[in-house]
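Colleague: Below are the chains, spelled out letter by letter.
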Amino acid sequence: MNKLKIRLKKADFYVFSGCERMIIGLKIAVFSLFFAPGALFASDTAADNYALYCVQCHGLRGDGKGINIRDMSVQPRDHTDAKAMSGRSDAEIFKAIKEGGLAIDKSVQMPPWAEVLSDAEITGLVSYLRTLCKCSNGAGK
Amino acid sequence: MRLPLWCFLSVFYSVAAHAADGDALLQSECAACHNLTGPAAATVAELRTRKAPDLFYAGNKFRREWLVRWLQQPTRVRPAGFLFLNHIKPGAKSDVVDAASLPTHPALDTARATAAADALMNLRPHDALIAKEKLAAGTLSRAMGEMVFDKFSGCLACHLIEPEYGGVSGPELYSAGTRLQAEYIASIVRTPQAWQPKTWMPDKHISDANIVKIVRYLDTLSKENKHE
Numbered sequence: 142m143n144k145l146k147i148r149l150k151k152a153d154f155y156v157f158s159g160c161e162r163m164i165i166g167l168k169i170a171v172f173s174l175f176f177a178p179g180a181l182f183a184s185d186t187a188a189d190n191y192a193l194y195c196v197q198c199h200g201l202r203g204d205g206k207g208i209n210i211r212d213m214s215v216q217p218r219d220h221t222d223a224k225a226m227s228g229r230s231d232a233e234i235f236k237a238i239k240e241g242g243l244a245i246d247k248s249v250q251m252p253p254w255a256e257v258l259s260d261a262e263i264t265g266l267v268s269y270l271r272t273l274c275k276c277s278n279g280a281g282k
Numbered sequence: 471m472r473l474p475l476w477c478f479l480s481v482f483y484s485v486a487a488h489a490a491d492g493d494a495l496l497q498s499e500c501a502a503c504h505n506l507t508g509p510a511a512a513t514v515a516e517l518r519t520r521k522a523p524d525l526f527y528a529g530n531k532f533r534r535e536w537l538v539r540w541l542q543q544p545t546r547v548r549p550a551g552f553l554f555l556n557h558i559k560p561g562a563k564s565d566v567v568d569a570a571s572l573p574t575h576p577a578l579d580t581a582r583a584t585a586a587a588d589a590l591m592n593l594r595p596h597d598a599l600i601a602k603e604k605l606a607a608g609t610l611s612r613a614m615g616e617m618v619f620d621k622f623s624g625c626l627a628c629h630l631i632e633p634e635y636g637g638v639s640g641p642e643l644y645s646a647g648t649r650l651q652a653e654y655i656a657s658i659v660r661t662p663q664a665w666q667p668k669t670w671m672p673d674k675h676i677s678d679a680n681i682v683k684i685v686r687y688l689d690t691l692s693k694e695n696k697h698e
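Chains as they are written, first to last, in the working numbering: chain X, 142 to 282; chain F, 471 to 698.
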């Protein structure tokens, strides 16, 4: 989609008259809006990744109340809980996401995401979680 | 003289045309929603533009008999629809599935379902992944299986093992044994990302021994549950 957009822009620049240029520009804007934010960024945003991979358990609001929780023996963490979330360092949260709950002595129900998310994307998610809890790095950890 | 020849030709023609009919049917009635050619989505953004699960590796995944039956009387495979994100909303105690937003799947008559199933079974770009799975026949009790599936591996969080028990962001698994080829089950549990690089099923590093147990357990489940 990105490629298509760039090609259109080039064509627009070299070939078309002012009026056509404006129309194409408008079309591109509408097109981008439709597929936003995917078409605007080269890779997925932390919000995209949180929506697809985390919301199913941690919920649309990040409060641990996802569609899957009814029969889960361990309930997902409430990511808006500043007290609980500030008790963890960024490095621990990174590890929990990359290697799963077991890696930090928590439940197997928190999955490892190393095979789908790059380290950069996981770092992005750690920052995203900090915006959900409106809290910072656990002191002294 | 002309009549018998005409009959012979039309019978011959309909048999020969069957496979081609199936391909044409897939193109005209299924391709608008299903990806039939690959590749799988490479980003979350791309995946979210998909209207339906990919079918380009259907021949490596499904059991033909299930396809023929299901295409005539489709039932819900994914309790939260595809993609679940398009069908959920916040509820009182937790997010809930917006059942009214779930569409019903188009149904085919027997002849067209058979033609479509045959055409789908020809789509096999992942024979190599399937060939890697060596499964010896065997059984496993429901209790032992559930231990591996839920307690040790945390699979219940996303999958129903009874129509009203389990998680809903993944396909139901109480009829997976009749829907899916055993080798496909083994392969997707081993490396979900080999099939769909951006799928929301995680690779939980399940051991060979537990993969075999899970395959047998799902077989047991589908024989107990007659929800086909």
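Hints were generated in silico from the structure; no laboratory data involved.
Just so you know, even glycine gets a beta-carbon here, dropped at the ideal spot from N, CA and C.
Warning: the hint list may mix true and false statements.
Said to hold, decoys possible - One side only, chain X facing chain F, incomplete, derived with CB under 8 Å:
1. D189
2. V196
3. K206
4. I208
5. D212
6. D246
7. V249
8. Q250
9. P253
10. W254
11. S259
12. I263
13. V267
14. T272
15. L273
Stated by the list, open to error - Label-pair distances were calculated between CB atoms; the ranges are:
16. X:G228 to F:P576: 47 to 53 Å
17. X:E240 to F:P576: 41 to 47 Å
18. X:S230 to F:A577: 31 to 37 Å
To be verified - Computed list of chain F residues with no C-beta within reach of chain X, every gap over 12 Å:
19. L506
20. A562
21. K604
22. D673
Colleague: Would you mind marking each hint as holding or not holding in the structure?
Modeller: Against the structure, the hints:
Restraint check, D189 of chain X versus chain F: the minimum CB separation of about 4 Å is within 8 Å; hint holds. The interface hint given for V196 of chain X is met, as the beta carbon of that residue sits about 7 Å from the closest beta carbon of chain F, less than 8 Å. Because the smallest distance between the Cβ of K206 of chain X and any Cβ of chain F comes to about 4 Å, under 8 Å, the interface hint for this residue holds. Using the Cβ-Cβ criterion of 8 Å, the hint placing I208 of chain X at the interface with chain F is satisfied: the shortest such distance is roughly 5 Å.
Taking 8 Å as the C-beta cut-off, the interface hint given for D212 of chain X holds, the closest approach to chain F being about 6 Å. With a least beta-carbon distance of about 15 Å to chain F, the hint placing D246 of chain X at the interface is violated under the 8 Å criterion. Here the hint on V249 of chain X is kept, as its CB sits about 4 Å from the closest CB of chain F, short of 8 Å. At about 4 Å, the closest approach between the beta carbon of Q250 of chain X and any beta carbon in chain F falls short of 8 Å, and the interface hint on this residue holds.
Checking P253 of chain X against chain F: minimum C-beta separation of about 6 Å stays under 8 Å; hint holds. For W254 of chain X, the shortest C-beta to C-beta distance to chain F is roughly 6 Å, which falls under 8 Å, so the interface hint holds. Given the 8 Å rule on beta carbons, the hint for S259 of chain X is violated: about 12 Å separates it from the nearest Cβ of chain F. Given the 8 Å rule on beta carbons, the hint for I263 of chain X is violated: about 13 Å separates it from the nearest Cβ of chain F.
The beta carbon of V267 of chain X comes no nearer than 18 Å to any beta carbon in chain F, farther than 8 Å, and the hint placing it at the interface is violated. The beta carbon of T272 of chain X is not positioned within 8 Å of any beta carbon in chain F (closest approach about 19 Å), and the interface hint is therefore violated. Among the interface hints, the one on L273 of chain X is violated; its C-beta lies about 15 Å from the nearest C-beta in chain F, farther than the 8 Å criterion. Roughly 51 Å separates the CB atoms of G228 of chain X and P576 of chain F, a value that falls within the hinted 47 to 53 Å.
The given range of 41 to 47 Å is respected by E240 of chain X and P576 of chain F, whose C-beta atoms sit roughly 43 Å from each other. Remark: the range hint 31 to 37 Å for S230 of chain X to A577 of chain F is contradicted by a beta-carbon distance near 54 Å. With a cut of 12 Å on Cβ distances, L506 of chain F stays outside the contact zone with chain X, its closest approach being about 20 Å. Under the 12 Å C-beta cut-off, the non-interface status given to A562 of chain F relative to chain X is violated; the minimum distance is some 10 Å.
The Cβ of K604 of chain F lies farther than 12 Å from every Cβ of chain X, with a closest approach of about 22 Å, so its non-interface assignment holds. With a minimum CB-CB distance of about 4 Å to chain X, D673 of chain F fails to clear the 12 Å threshold, and the non-interface call is violated.
Going through the hint list in order, the structure does not satisfy hints 6, 11, 12, 13, 14, 15, 18, 20, 22.
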